[in-house]
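Protein chains: 6
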Amino acid sequence: MSIAVCPGSFDPVTYGHLDIIQRGAKVFDKVIISILINRNKTNPVFTVEERIELLKEATKDIPNVEVDTFNGLLIDYMHTKGANAIIKGLRAVSDFEYEMQMASINRLLDNKIETFFMMTNNQFSFLSSSIVKEVGKYGADVSSLVPPNVEKALREKFEEPR
Amino acid sequence: MSIAVCPGSFDPVTYGHLDIIQRGAKVFDKVIISILINRNKTNPVFTVEERIELLKEATKDIPNVEVDTFNGLLIDYMHTKGANAIIKGLRAVSDFEYEMQMASINRLLDNKIETFFMMTNNQFSFLSSSIVKEVGKYGADVSSLVPPNVEKALREKFEEPR
Amino acid sequence: MSIAVCPGSFDPVTYGHLDIIQRGAKVFDKVIISILINRNKTNPVFTVEERIELLKEATKDIPNVEVDTFNGLLIDYMHTKGANAIIKGLRAVSDFEYEMQMASINRLLDNKIETFFMMTNNQFSFLSSSIVKEVGKYGADVSSLVPPNVEKALREKFEEPR
Amino acid sequence: MSIAVCPGSFDPVTYGHLDIIQRGAKVFDKVIISILINRNKTNPVFTVEERIELLKEATKDIPNVEVDTFNGLLIDYMHTKGANAIIKGLRAVSDFEYEMQMASINRLLDNKIETFFMMTNNQFSFLSSSIVKEVGKYGADVSSLVPPNVEKALREKFEEPR
Amino acid sequence: MSIAVCPGSFDPVTYGHLDIIQRGAKVFDKVIISILINRNKTNPVFTVEERIELLKEATKDIPNVEVDTFNGLLIDYMHTKGANAIIKGLRAVSDFEYEMQMASINRLLDNKIETFFMMTNNQFSFLSSSIVKEVGKYGADVSSLVPPNVEKALREKFEEPR
Amino acid sequence: MSIAVCPGSFDPVTYGHLDIIQRGAKVFDKVIISILINRNKTNPVFTVEERIELLKEATKDIPNVEVDTFNGLLIDYMHTKGANAIIKGLRAVSDFEYEMQMASINRLLDNKIETFFMMTNNQFSFLSSSIVKEVGKYGADVSSLVPPNVEKALREKFEEPR
Numbered sequence: 059m060s061i062a063v064c065p066g067s068f069d070p071v072t073y074g075h076l077d078i079i080q081r082g083a084k085v086f087d088k089v090i091i092s093i094l095i096n097r098n099k100t101n102p103v104f105t106v107e108e109r110i111e112l113l114k115e116a117t118k119d120i121p122n123v124e125v126d127t128f129n130g131l132l133i134d135y136m137h138t139k140g141a142n143a144i145i146k147g148l149r150a151v152s153d154f155e156y157e158m159q160m161a162s163i164n165r166l167l168d169n170k171i172e173t174f175f176m177m178t179n180n181q182f183s184f185l186s187s188s189i190v191k192e193v194g195k196y197g198a199d200v201s202s203l204v205p206p207n208v209e210k211a212l213r214e215k216f217e218e219p220r
Numbered sequence: 059m060s061i062a063v064c065p066g067s068f069d070p071v072t073y074g075h076l077d078i079i080q081r082g083a084k085v086f087d088k089v090i091i092s093i094l095i096n097r098n099k100t101n102p103v104f105t106v107e108e109r110i111e112l113l114k115e116a117t118k119d120i121p122n123v124e125v126d127t128f129n130g131l132l133i134d135y136m137h138t139k140g141a142n143a144i145i146k147g148l149r150a151v152s153d154f155e156y157e158m159q160m161a162s163i164n165r166l167l168d169n170k171i172e173t174f175f176m177m178t179n180n181q182f183s184f185l186s187s188s189i190v191k192e193v194g195k196y197g198a199d200v201s202s203l204v205p206p207n208v209e210k211a212l213r214e215k216f217e218e219p220r
Numbered sequence: 059m060s061i062a063v064c065p066g067s068f069d070p071v072t073y074g075h076l077d078i079i080q081r082g083a084k085v086f087d088k089v090i091i092s093i094l095i096n097r098n099k100t101n102p103v104f105t106v107e108e109r110i111e112l113l114k115e116a117t118k119d120i121p122n123v124e125v126d127t128f129n130g131l132l133i134d135y136m137h138t139k140g141a142n143a144i145i146k147g148l149r150a151v152s153d154f155e156y157e158m159q160m161a162s163i164n165r166l167l168d169n170k171i172e173t174f175f176m177m178t179n180n181q182f183s184f185l186s187s188s189i190v191k192e193v194g195k196y197g198a199d200v201s202s203l204v205p206p207n208v209e210k211a212l213r214e215k216f217e218e219p220r
Numbered sequence: 059m060s061i062a063v064c065p066g067s068f069d070p071v072t073y074g075h076l077d078i079i080q081r082g083a084k085v086f087d088k089v090i091i092s093i094l095i096n097r098n099k100t101n102p103v104f105t106v107e108e109r110i111e112l113l114k115e116a117t118k119d120i121p122n123v124e125v126d127t128f129n130g131l132l133i134d135y136m137h138t139k140g141a142n143a144i145i146k147g148l149r150a151v152s153d154f155e156y157e158m159q160m161a162s163i164n165r166l167l168d169n170k171i172e173t174f175f176m177m178t179n180n181q182f183s184f185l186s187s188s189i190v191k192e193v194g195k196y197g198a199d200v201s202s203l204v205p206p207n208v209e210k211a212l213r214e215k216f217e218e219p220r
Numbered sequence: 059m060s061i062a063v064c065p066g067s068f069d070p071v072t073y074g075h076l077d078i079i080q081r082g083a084k085v086f087d088k089v090i091i092s093i094l095i096n097r098n099k100t101n102p103v104f105t106v107e108e109r110i111e112l113l114k115e116a117t118k119d120i121p122n123v124e125v126d127t128f129n130g131l132l133i134d135y136m137h138t139k140g141a142n143a144i145i146k147g148l149r150a151v152s153d154f155e156y157e158m159q160m161a162s163i164n165r166l167l168d169n170k171i172e173t174f175f176m177m178t179n180n181q182f183s184f185l186s187s188s189i190v191k192e193v194g195k196y197g198a199d200v201s202s203l204v205p206p207n208v209e210k211a212l213r214e215k216f217e218e219p220r
Numbered sequence: 059m060s061i062a063v064c065p066g067s068f069d070p071v072t073y074g075h076l077d078i079i080q081r082g083a084k085v086f087d088k089v090i091i092s093i094l095i096n097r098n099k100t101n102p103v104f105t106v107e108e109r110i111e112l113l114k115e116a117t118k119d120i121p122n123v124e125v126d127t128f129n130g131l132l133i134d135y136m137h138t139k140g141a142n143a144i145i146k147g148l149r150a151v152s153d154f155e156y157e158m159q160m161a162s163i164n165r166l167l168d169n170k171i172e173t174f175f176m177m178t179n180n181q182f183s184f185l186s187s188s189i190v191k192e193v194g195k196y197g198a199d200v201s202s203l204v205p206p207n208v209e210k211a212l213r214e215k216f217e218e219p220r
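Protein chains in written order, with the numbering used here: chain A, 59 to 220; chain B, 59 to 220; chain C, 59 to 220; chain D, 59 to 220; chain E, 59 to 220; chain F, 59 to 220.
Chain A with its partners taken away, still in its complex shape:
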């Protein structure tokens, strides 16, 4: 059984992520979307629990997808899940170089785990969680960028007094 992990922050999940997840789920027996937690450097908009809920709702129609979290080394996490592949979307040259570096170090740590890069749909090639938060913060329409439940959550989040 081929199990792939799709790691990320997903703060929040976008149509770009969902495109990769859906397409990966057609080839791999199981895709585990795994939220990296415990990175102290960022100031997330959504809590890990909120991100899990948003991902579960957004992927509820894909039967072989599971939502999970991890911390520490991705490779160690994969061992606990019996996963043998990593899937990542590629958008731009800057993505490419960073992801190649990550794939190299993961290959060094465990030579049997393989990273598969998938091309993000051109329509979403500019899209990132950061962009969504940046424009959502000012009330711009993000319905073409994120699924309805995320759109709603963003609106509520940015309406809250801060």
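Keep in mind the hints are simulated off the structure, nothing from the lab.
One copy or two, it doesn't matter: identical chains are merged, so the pair holds either way.
With a straight-line Cα cutoff of 30 Å, these simulated BS3-like cross-link-like pairs (lysine-lysine) come out:
| id | residue 1 | residue 2 |
| --- | --- | --- |
| 1 | Lys-114 | Lys-139 |
| 2 | Lys-84 | Lys-170 |
| 3 | Lys-88 | Lys-170 |
| 4 | Lys-170 | Lys-210 |
| 5 | Lys-195 | Lys-118 |
| 6 | Lys-139 | Lys-84 |
| 7 | Lys-139 | Lys-170 |
| 8 | Lys-195 | Lys-170 |
| 9 | Lys-191 | Lys-170 |
| 10 | Lys-191 | Lys-118 |
| 11 | Lys-88 | Lys-139 |
| 12 | Lys-139 | Lys-195 |
Using the hints provided, position chains B, C, D, E and F relative to the given structure of chain A.
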């Protein structure tokens, strides 16, 4: 059953190609290495028949690998083979942009076929069939770049009067 | 009056080109689409006359667009037309570097002429005349890539005995 | 009337910025240099008021240039000014990718607003406000990088006890 | 006498750095490895004193290498050492653009000092001090990435209560 | 004694090449400018003999520079000259990737030979022999791009009936 096609010229196959093929064969049920023929622009060193033989010999220990040829559109070829994935090695930024363009056009032609990019081993990140031919032509030692049967074939090819 | 030249081979014009032309025509008083002729390196699919016709038909609803040809230095041509700006679409990093080199040399030759780069619509970021010809040659559907008159012309061209 | 906005931090304005502004001002009827305020992540060397003064002095000989500030979404700001174009200088590949992403999101938010990229003069292709501050901090001669009023302001700023 | 400076943070030194240093030391009469101190933005794992010790131990077999520190402008530091060349390793496109910018500004500040870029061994093209710290933190084996004394120091550092 | 080879086509030598050669000659004991001959793919404007003459004249004031030719593998040539370093100018990302590939293969062929990349002066970052020929062909002023003897030779070459 997941069937992946690994297309290319393979003139000749290198350790960089073999790295991708071996790793792809661990995840996909079957990997078809398919030599693109009928491109009139290049002046190949090896004939298609020679390239098939070199590939077959070099991959004879990987049970789920098959060597084939195609011409015309890759997508049309994949339909005839029942393949649903394309695997490609990525080395550098210039590769990346060209391959993203190819993946886009293939996705446009058939939305159900997915391209998976795999990172070429760092050790081979500079390696290409052209480089092998360029240095092989002058008698340089290419035993760290290509499998033994290809090394032998290159030596014979460049010793032939031309 | 601001007159912009949009130079290229246009063999044939695609929706990517038309996107740039339409958007440029909203900002500049006049946009001259100018086909570079007399480059002996390529083997065009369409003659210059055919390309002019295809461009004229495809842009007939944009009043401030003109179709023309040039050879020699772009800067010399611009002087004869009283044009003061060049517009070019940018798709990828490889485009970027080549176009920056061209813009530098043009600035050196005439410091008063400015090159404006416009971003090709994401939807067409993989699109080029070469790709259209490559897939059109094998009978693939190109109706989402080129306007109807070009689609028809391509079909006729590739049905001709060669 | 074509009104272009040239957005940025301008902390402080350099000869690279001025090159783009002067050249843009030859093609557009009006160029509004607009300082993005209210970004809490950076620790500016010059206050917004100081940056306005430096820009006004440095552009006082270009009649169709105006200096302003904005916060929030650039697109919203442009609507209040009746502007229909954004002009940005491009230096390197990393600039290119970020700016393409910004141009994509702006196009999504308002399809009628166009971003025009201009090539920074080769002479200034390495130049940024950060570099100027970095070397100015140690008393290096920056007279070839910034206009005289900015050079003077930097010297005063870095002589102040901190 | 040709004296080259190899500047960096070296927090900690890796086999990638050592590859560049060893190769540079074959061409230049003397190579000064110089640790940039006093940058307040980072939170280093090793103190400057620890980094000096790790570098001295790791390079003790290369006779014409010296370990030092500097702050302020690299160019000013080089004058005090009588150095006329800078050596830097290049790994990826993102390195390249940043380093070209640095080399430009250094050339502007002192036209007689030259920057020489050397290609990092492919085997280490993904390697950085950050990656080493990231994986070392979780107890991964870094013996193929850093020399034995650094490996030991990392283990001790990450075992300390924090 | 450190002997560096600066390989290339030099058809013709430009101010970009001369900048690299002059700067390399300050650090290395001897710089051998070596013209690659026998490549059948290009249609040169100047014969090898003409290129040698143009280079000799253009570098006559740099005492430690020698002009030569080579064919076959650069590494083999370097052995015959006792050279231990290669110097190359870097302009753009596309240069970078190609040159890194070449440096990798050369390191593989002889681990004791090192490639040093130098940054082309920003002023010449767009400059290539091809550009010079392209604009020179149409009579444009190239006096800021090539030394006077090359300018004269280009004018004579393009005035000849062809």
